[in-house]
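Participant: So the sequence shown is numbered by the numbering used here: it starts at -19 and just counts up by one.
No lab work stands behind these hints: they were computed from the structure.
Quick caveat, the model's predicted, so the values are computed rather than measured.
Note that beta-carbon positions come from the ideal geometry of N, C-alpha and C, so glycine has one too.
Treat the hints with caution; some may be incorrect.
To be verified - Between beta-carbon pairs, the in silico distance windows are:
id, residue 1, residue 2, range
1, Leu10, Ser106, 40 to 46 angstroms
2, Gly144, Lys170, 36 to 42 angstroms
3, Ala154, Arg55, 31 to 37 angstroms
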Amino acid sequence: MIVIALIVPYIGGMAEVVLSIAAITAGPLLAPPIWALFSKYLTGRASLWITLITLLINLLFKLVFPYTLSFKLNRAEEMMTGVGLPLLLLLGYELYRRFAGRVADDYLQYTQNLLKLKQQKAALNSAELYAIRRQNYFGLRVITFSLLFTSAMLAGLSFITANGRGLTATVAGAIFISALIPWLAARRMKRSIGIQNPGN
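Construct the entire structure; sequences and hints are all you get.
Facilitator: Below, the structure is given as structure tokens:
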């Protein structure tokens, strides 16, 4: 941390450091996991390597090349490199695995676990399903009460606070509205429990 603080003036100041860190790290750190959510070919090891390679290249462009080769990227070029390079590597790896027909082992394991869960759910009897739904219903009621209580507390604070009264009231209203989501889900769950109750 001390070393980073010492080199801040040489990089261009605190604002320059913050923007550069965002440009350098956002793409390499966020692109691989987001890509993995929608791809059945990307492996965890490949995601890690793509992150490390793109971070290293971005750091070279930011910290090494300006002083050794007198070559420096401007802000737009830093952003394009930080986001474009990991996307290009991810796209290339995706196409390579897709044409080779090599599905990631992690994805295969995920599908197997999903199939097991479906089989276990199908094997549950009516009493077990009823107990699970009762637990879910109770959880939804607890969430609803927590949100309503938080909303009421913030609404009370909005009347006694001297500053930020409007903002506090707005947040209280937003939390109150969000409490409708678990409340409606609990109502649907209650009807489902009434239909599926094995004691009826």
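Participant: Next, verify each hint and record whether it holds.
Facilitator: These are the hints, each one checked on the structure:
| no. | hint | verdict |
| --- | --- | --- |
| 1 | Leu10 - Ser106: 40 to 46 angstroms | 44 angstroms, holds |
| 2 | Gly144 - Lys170: 36 to 42 angstroms | 38 angstroms, holds |
| 3 | Ala154 - Arg55: 31 to 37 angstroms | 35 angstroms, holds |
Comparing the model with each earlier hint shows no violations; every hint is respected.
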